[in-house]
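Visitor: In case you want the letters, here they are:
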Amino acid sequence: MTQKYRLATGGLIDRRVTVPFTFDGKAMTGHAGDTLASALLANGVHLVGRSFKYHRPRGIVSAGAEEPNALVGVGRDEGHYTPNLRATQVELYHGLRAESQNRTPSLERDVGSITDRLWRFFPAGFYYKTFMWPKGAWTKFFEPRIRAIAGLGRSPAAPDAARYAQIYAHCDVLVIGAGPAGLSAALAAAETGARVILCDEQPQFGGALLAEPGQSAWLAEQRARLAGFANITMLPRTIAFGYFPHNMIGLAQDLTDHQGETSDDAPRGRLWQVRAKQVITATGAIERPLVFPDNDRPGIMLADAARTYVERYAVKPGNRAVVFTAHDDAYRAAVSLHEAGVTIAAIVDLRESPEGPCLDAARAAGLPIRTHATIIGTEGNLRVAAVSVATIGAANAERIACDLVLMSGGFTPSVHLFSQSRGKLAFDPALDAFIPGTPAEPTIAAGAASGCQSLEAAIASGRAAGLSATGQAVAAPVAETVAAGFLGEVPHGRDPASVRAFVDFQNDVTAKDITLALAEGFRSIEHVKRYTTTGMATDQGKTSNMNALGIVSKSLGVPIPSIGTTTFRMPYTPIPFGYFAGYARGDLFEPVRETPIHAWAAEQGAVFEDVSLWKRARYFPRGAETMHEAVARECAAVRAGVGLFDASTLGKIEITGPDAAEFLNRMYVNAWTKLKPGRLRYGILLREDGFIIDDGVVGRIADDRFHVTTTTGGAARVLNMMEDYLQTEFTDLKVWLTSTTEQYAVIAVQGPRAREVIAPLVEDADISAAAMPHMSVVECRVAGVPARLFRVSFTGELGFEINVPADYGRAVWEAIDQAGQTHGIVPYGTETMHVLRAEKGYIIVGQETDGTATPDDVGLTWAIGKAKPDFVGKRALARTALASQTDRKQLVGLLTADPAEVLEEGAHLVADPAQPIPMTMLGHVTSSYWSAALNRSIALAMVRNGRARIGETLHVPLPGRSVAVTLTDPVFYDPEGARLDG
Amino acid sequence: MQKFSAFALAKEALSGQKGWTRQWRDAAPKPAYEAIIVGGGGHGLGTAYYLAKKHGLRNIAVLEKGWIGGGNTGRNTTIIRSNYLFDESAALYDHSVKLWEGLSADLNYNVMFSQRGVMMLSHNVHDEQVFKRHVHANRLNGVDNEWLSPDQAKSFCPPLNIAPGMRHAVTGAALQRRAGTARHDAVAWGYARAADALGVDIIQNCEVTGIDRDASGRVSGVQTSRGAIATRRLGIVAAGNTSVLMAMAGQRMPLESYPLQALVSEPIKPIFPCVVMSNTIHAYISQSDKGELVIGAGTDAYISYSQRGALHISSHTLEAICELFPMFRRMRMLRNWGGIVDVTPDRSPIIAKTEVPGLYVNCGWGTGGFKATPGSADLFAYTMAKDEPHKINAPFNLERFGAGRLIDEAAAAAVAH
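Protein chains in written order, with our numbering: chain A, 77 to 1058; chain H, 7 to 423.
If you're looking for bench data, these hints aren't it; they were derived computationally from the structure.
Some hints could be false.
Computed cross-link-like contacts, BS3-like style, restricted to lysine-lysine with a CA-CA straight-line distance of at most 30 Å [said to hold, decoys possible]: (1) 211(A) x 104(H); (2) 211(A) x 9(H); (3) 17(H) x 630(A).
Every beta carbon over 12 Å from chain A, so not counted as near; a handful from chain H, in silico [to be verified]: (4) 36; (5) 60; (6) 61; (7) 62; (8) 64; (9) 233; (10) 275; (11) 276; (12) 361; (13) 416.
What follows is a list of derived Cβ distance ranges for each label pair [unchecked claim]: (14) 954(A) x 258(H): 17 to 25 Å; (15) 393(H) x 806(A): 43 to 51 Å; (16) 9(H) x 351(A): 35 to 43 Å; (17) 816(A) x 130(H): 23 to 31 Å.
As the structure is a computational prediction, the values presented were derived from the model and not from experiment.
Even for Gly, the Cβ is constructed at its ideal location relative to N, Cα and C.
Extracted from the complex, chain H is given alone in its bound form (with noise of 0.2 Å):
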């Protein structure tokens, strides 16, 4: 792999960019894989990644149907935290976090982790019930968060209002410091690079049709838009349509999917330092590193493959977001967008087994995948690896939905992942 360094940059200056190569091949499919992921999103690439990395797989592909990075990953509003309320949900996204922090060493691509602080507002008793009862579970799970009063949130976020006469005011915030923003094509292209370089055959344009099985009702190999692949080992991770595909092996999936929508300001200079979120009045904003405001809506309230969302949902975002941040009303939208997520029974997601040998199957990110990014690939790497989950993963199985031993966070805390 050629090396990215700053010293690289300056040779590429002086004789003309002209030696930088490809940083993926475009590969062609090979007739049989030792393991097959689906879905070249950050998950899907990801867990190539660590396949090659620390499990010591050569012989892997990842197929997509489009172009990698192209669903979620690349439509995100790139907010990474881990102050979540259960043990299992906190050590997942904590992992994951721990892994952000090394990444763009990792990977020798900078993925931009920065971390701004994510701050969710408290506007009522009840929010107040559920942040504290977070930044007590937090602490003890040795995660940060803290308890902010409005003027402490204030002084973090200096655009927030937070007179006490406004309609929702501000009784508070918990802030997780660690918490924060990352570059999300990045993450796709640079876990896309790092495996390339490890072997993996990364192969756009190629559309999964079949799912094929032996007499043993084993995963032999699938069938494809560019012609049949085998395998032994196949890995689903193709977040809305996972349905689609989990059906080909004849396994029905605990999943509705959504749309969900986002949107951008136009640049402006920096002034907006951290993240904040605010549930109970459904918005979520931060600035990118260009200078947007991004901005994150709601899902509709039908499901839906089309990757765009109703206006009312975004104009209610933008009501809530001028309510918190008077100054930005006059600020005018750029681009809208939506995407469409993956939602089972608890908001949880699923890293795991299935009931069918040799296929595994992470999916149900909902509206909060993009954080897990790291931690989600590496265990589910693990697992495909394994034949058995992480213990960090083990309690996010399909097995769950049927027993009732449900995660469910966003009960818990009427939060939006």
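If we strip away everything but chain A, and leave its shape as in the complex, we get (with noise of 0.2 Å):
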């Protein structure tokens, strides 16, 4: 198909650059400068689309963002695919594929139009009244045929292949749009030298103006003082799409979607966001469409659109038009659209007596108009082919034959950025629109989004603005006579039962609908929009809302303002989620946290697992050994020799000052006042309802100077906590809190062959028994680097962990492996670790307590200070069902009666099997292990009363059968403790 709509001469498409691109299979051409939409119609293409609940054949009905009907499918394949794409906004490129949506088999035949020849069975909401029977036919036969019907493009089939990035950026001032005012503004503003930031939509500066041969020079000049400012950012292809708290706007910057099939290796789009001290808002304004019967053929188009295709795209849309309108400004589209060689049917106007330049133009021109008049139908299948024009009020009606119609409801503020903000909108009744009125942001509309509608106000607003923006003193506003147009359903005189005039294009949305809506009761504008779902496609209703506004007005004979909008929302435009997820793929989502041990660790073929988002080595497998095997090898050894764990994970807080023991006198439940320097102490962490939400151990380093550990998982929570309450309720205390996590690695040394591993690589200190007991810390050096000894164990053994500077730990970790080769050393990993700790009764926070457990309910009351006279939690803990000592869950251990069954953690308990479900549940099991020690099973659980129960046998319900489990002590192994000295 050749460019047989393409004109001769004009425009600001490049003729030398043919671009071929094909539209659902078929070859075409256009030029560089297209968009997809000029390129469809430069070929004489309308039909591009299909509607969403009637699939009805859609035409292109605007050349911007507001389009409703013109949606395709783009891409090279499935990891470049994106559904839904407006032709409008797609630049033409070299080789673009594009496909047609939401009909089957093709956009000319399509099986899903059965619903339009049945219309008068589904109006608005008609699914709320029926498939109701019979019960569970919804889900199974109903929903799956709707949901085939609705949808409208299809997801891509494969993963984005694309990259995206994001930036972060601040300015003086924010200018959202660059047509006139916008040029204007970002200019006055530049002149004071502040940072400026101009954005528009658009590959090039000129919003309206690049439809305007007559302009070109302004323009051109415009674009020449803006280049010479080093302190306007310029931002083209980028959309402001929100508008969020204290002056923040986010901006979708599109980097190679307009270049075709480029490399992935630059990214597709750049989210900004943009902190700017003043932002400016000159949006434009969008033409409203008539709603008049079938005024949705292909072919009928918004009258700017049409003479945009022209001026801009040198794209003639038809070759004999009908313009249908209630403002002046489609009376320019029609002497542009006559002077490009289309033939002008006939002009007809809504209003009785309309008078103008724009008007004396037309008549100038010999275009036939016809006023007091409106067209009562359309014809037409996949093109509109006649209409029927009749004088308001007329009985009969003249048909004219045409290929394409012009509407023009009058102008439409894009208000939706200043709404966003939160800003106050104004009716003004002389546009029948709304403007921005009281602003809640630093913030100003100008040009057509402030309600101009002249160039040269548009112009005057936009300085105005930029002027203000920058504190500088501001002319008068230009006055100007502005029009407003019409909203609502036209007067077409015909039984509203039997047309339909479209008032949401995508949504099949009628007028008819919006008035049901009505008498069922739905009176709120926010129901008719719910019920209707007008305004809730793709454009969110850029052409629709107002119309729709204007139909309820005048059914309930209430004021436009009194009824108000819609609540507007981000985004502007819809916005592809990899913008918003930018960086964050892949191994940056949530960036994966590694020990200084970590590659080592993988050296010798670790198996890893994650705990919160740290990477940590579960077991050391050896040879084909199982997960299970490994860690029954790992237990042994620690027990009989001595095992080397990585604790780097752990969180570690520096706490100093000289209030840094009564500060954790307040936050833990333990005492500190009486801890001394060198020694540790288990601390327990309560939320201030009385549950416990941390441990860790505690060293005293120095009186004023201590070093808490946390889990693994509660790092950050706990540092959160501890800042919290410094910084409101404990501001009389002089503690700083330092987060050390990540500047120590932590090397555990367990077993009783520990001492004699480290002894030979420790100097400045002596680790005796005697010298250095159980509990207690020394600083010194280990393998010739500063280290803090702990003498800790969480196996029971006799332990050591070595806190050394985080780029130290794998030299000091490789040092005591070596160490201990003599020894039989052997690294485990947490598997291992949590295996260990179980035999000996201890908690993991997180495992055992799950947010509701107290110290005493874990059977850790010993560690509670009881003479200090508050702490987090305290309180809370007195109260009656956490002081009961009668239901609560409490740690016990378990045995199953056969030794080799180990229970799934998670299983409850219960003390009858056999009762009927629901079954009275006494408790769960928490942890649960093979214990290589006992050479048997052991479990850990909370059960209701558990302590008094110890020695009562318990039932495990599982899926076809149960399991008998015999409570004791949560401390299975060495309960005397004797094995912590070696």
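Assembling the complex is the task here: the two chains are given apart, and the hints tell you how they should meet.
Guide: This is the structure we're talking about:
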């Protein structure tokens, strides 16, 4: 197909560059500078899609972001496919492949259009009134069929191949929109030296002036001036999509989509988060369609869009046009098209006696004008073929053949961003439209977005906004007379029940759907929207909301400002998920944390597990060992000799200051005052509701310095909680908190031979049993590296935890491993750590406890500093349900009757497994392992009144069977603690 | 009440849709009511319906300061499930699921309850422990919930990425097949219409400005933007605004209000057959009947009454969605919005009498109230009618906070409701 509708001259396209593309497999060409929509129109294609509900044939309505109909899927392969793109926004590139949507088997013949023939059976909200019988049929029968008809495009079938970038920026003035007002605003602000960011969704700056050849000199001059300012950042192809609190604006910048099939190395787009001192919204205005019977046929488009296709893209959108208007601007379109060789069969004006220079120009060109007239119907299936025109109130109509209808109901200022900012809209009765009123943020609207209609007024308001935003004096606004247009359904005199005048094209909402909703009691505009779905399509009502309001207003006899609008929400136009996700993908999605020992463990073939954001070595299999075998071997090695464990992920907080001990007294349940420097204590932290939130060993390094450890997952939470209390509750304390989690590598050496292994490596400290008892800390050197050496055990064996600067972690680890070889040292992972601590009945916060356990529940009452006046959670512990000893769940051990049976963690305990469902559950298994030391399974459980039940038999009901268990003390191994001293 | 059916649709199709009548009357307030419900969301409208239907009250009003269904009822991601851990919660939410199963027929309004299954993803050993604990507890409570391997999870939800090398690999999932979604607006409208048919006055644009009490301290009525209205039975069901209303009766509530966001993509043909939730990486997603991907984000960190959330919260959710479903990375966000969720100290609701005679409160649903709508309404109606709680909602009283008898599902499971 050749570009039959391309004009020989004019426009901003580059005729030297021919751009091949396909639409539904048909090969066509356009030129550089085309959008997909303009290229399709150049090839005479109006039919581009099917509507959502009735699958009506639909054409291109607009030339911009407001397009409701021309939705297509674009992409060279599944990894680059995007559905639902507006052809009016897709820049044409070499080889572009577009497909139409929501049609089977073809755009011309769509079986889904059966709903169109049966339209009387599908009024607004029909689905609420049927499909209710029989029970279950909705899920299994009706819903799948409705879903198949609904939806528009299809999902990409393969992962996105593109990359995305993100950036943060600050500026004095952010100008959104580079039309005449935005350009003037940016230049006025930049002249003061202010840092300005100017963005526009179009590839070129100019806005509406891109379709005004008469203004090209002025535009060129402004662009040249822009280039002269180093303090202006210019962002074309950048949509301001969201207005967030405190003047933060989200921008989405297209980087490569318009270039076509480029490599995926360069980012596809960039999300900007701009914090601006002042924002100027120069976002223009959107033309409204007129709501008349069968106003949705391909070939019926907005008048200003048609003019844009002629003037900017040098495309003739048809051969014979009828112009239907309630606004002078459409006359300019009529003249443009006439000059481009389109026959203007009639200009039909709803107004009784319109006058003005635009009309004069049309009359001068000899165009036939009918005033006080209306269109009462159209013909044509895949393209409009004729309209019926009648004088308002008259019975007989004249049929006028045409292949193009232009419509204009006037213009709606684009107040989306202003309204998102929570600024109050004001209704301008002269415009019949909402304009920005009282702002909620430092923001100024300019140009058509603020209600201007003439170029002079727009330029002046832009300049004033730019001056005002930079604190300069502002001249009085340019006076102009604005014109409103028409809102709602036009008069057509036909039986309303038998015609469909579309308000929301994409969602197929007609004027009578709206009156039906009103009749059924849906009076709030939000109810009307939700019941009819008007304004809920992918264009979010850009062309339809005001007409819907007009219909509601007229039907209810309530003025529009009393009805109000629905809420404007971000994004202004749809933005790919990838922009928001940005760099956060793969390993950069919640970036992996690795310890200084990680690489060593990986080299040894360790199997890792995720623990919060960390990778932790779970076990170190040798040869073909299973996890079970490896863990049994590692456990045995620690109990009999010595093991090496990477505890670096433990949270660490350095607490310093003269009141450090008092701060810990107030935070933790334990008493800290009497803890001497050089000693350790096991601390328990509660929430204010009395439940355990964290635990860890705390070392007193000096009178005013503590080394606090937390659980791996709790590190950030505990630091936040401490800071919160310090800054809001305990403001009298002189205390400083520093996270040192990543500053230390922590190497645990555990087992009866632990001391023998490290002794040769320790300098500046006596680590003999006499000099360094259990639960003490000393600062020394280990393998030549400064260290905080803890004598502490989470295994029940003699143990040390060596804290060394993280950069030396691996070196010290390797030195210990080397020194331990003659002692048979074995690295072990988290799984072995879990088994060893469970054999000793040591809890893991988050496994034995679940946010509902008190210290007493898990047998840790001894840790509470009884004499302390207060600590976080103390008051809560006195509450009746917590102080009660009879129905609390308490920590116990479990032994299965069959020693080989390892219970599933999470399984529940009951007294009588034969009772009917729902069963009375007494507790659940929190930890369950095979114990190599005991040569049998062991488990820990939280059981109601468990300590009093020790010795009793309970049952674990499993699907199809039940396991008997005996409740025991939770300490299975070395209950006397004799092994702590090796 | 005009009966809705395929037959009625056909009849109206042939007569120009002229026969449809108001789904509920635009009632003006009467001087007095037997019972007044403040809050025209699903819970409040449902309460009025069950008060009229099951307890025989006829003179009931629902007062709504805006438009019915405009709060969290119309802003949530419509997930319905009952696989809660604790006995009290499982009983509450499963009572609700059972009512959902018959709700369309009961109301003669298609609320589109779709039992598509809700699958909760496990990403690590801790998740597995938590979810298996749920599966075991649910089985013994008679609530369906089953454990799936990653392959089984993928076959239930084909778009799911289960590559072992992904950042937070999927290690399994807990699936409740009876769980699903419903059409949120229809719930409000269906209850409104059915309640109206039983004589309930639904009064919109009527803001309560004061609560009147007699000499004994008992509730005697309310002051509203449309005048004083007398009643001796007042139920407050106002989500985030409950604290404000209860303060009018001198009651301080254990509630904090946070913004919670959700978003939808542009509509696409059916691709996503169920609901998937991942609490570990903060995302949940389903596909609406219209075709939009419906995605829920987390709450903001700060309390607020602003019905919008911070960009970084929704961005983080989309990061997670794009990792779990890489084919959706090019899908586009169509609309993002916020609601205000009222959160109690244990993240479980309050459905209770108060210390003020005649004053009842139903609130604290946090991020998970929609799923409970029918059950909550039914139990609250019972509590108001009998002046005592039903045994299912008895544990969800106000006294539990003072006593420490919390029902802390979120702490127990690290699970977003």
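Visitor: So, for every hint listed, does it hold in this structure?
Guide: Each hint, compared with the structure:
Annotation: proposed proximity of residue 211(A) to residue 104(H) holds, straight-line Cα distance about 12 Å (limit 30 Å). Note on residue 211(A) and residue 9(H): the hinted pairing holds, with a Cα-Cα distance of about 17 Å set against a maximum of 30 Å. For the suggested pair residue 17(H) and residue 630(A), the alpha carbons sit about 28 Å apart, so the restraint of at most 30 Å is met. Distance check for residue 36(H) against chain A: the nearest CB is about 19 Å away, which clears 12 Å, and the non-interface claim stands.
The claim that residue 60(H) lies off the interface holds: its Cβ sits roughly 20 Å from the closest Cβ of chain A, which is beyond the 12 Å cut-off. With a closest Cβ-Cβ approach of about 25 Å to chain A, residue 61(H) is found to remain outside the 12 Å limit, as its non-interface label requires. With a minimum CB-CB distance of about 26 Å to chain A, residue 62(H) clears the 12 Å threshold, and the non-interface call stands. In this structure residue 64(H) is separated from chain A by more than 12 Å, as the shortest Cβ-Cβ distance comes to about 21 Å.
Even its closest Cβ contact with chain A, about 20 Å, leaves residue 233(H) beyond 12 Å, as expected for a residue assigned away from the interface. Not every CB of chain A lies more than 12 Å from the CB of residue 275(H), the least distance being 4 Å, so the non-interface label is violated. A cut-off of 12 Å between C-beta atoms contradicts the statement that residue 276(H) is not in contact with chain A; the least separation is 5 Å. Interface exclusion of residue 361(H) from chain A stands, the closest Cβ pair being 17 Å apart, more than 12 Å.
Residue-level check failed: residue 416(H) sits 8 Å from the nearest beta carbon of chain A, not beyond 12 Å. Roughly 21 Å separates the CB atoms of residue 954(A) and residue 258(H), a value that falls within the hinted 17 to 25 Å. Taken as a hint, the range 43 to 51 Å holds for the pair residue 393(H) and residue 806(A), whose Cβ atoms sit roughly 45 Å apart. Look at residue 9(H) against residue 351(A): about 57 Å separates their beta carbons, and that is not inside 35 to 43 Å.
Separated by about 25 Å at the C-beta atoms, residue 816(A) and residue 130(H) satisfy the suggested range of 23 to 31 Å.
The structure fails to meet hints 10, 11, 13 and 16 from the earlier list, while all remaining hints are met.
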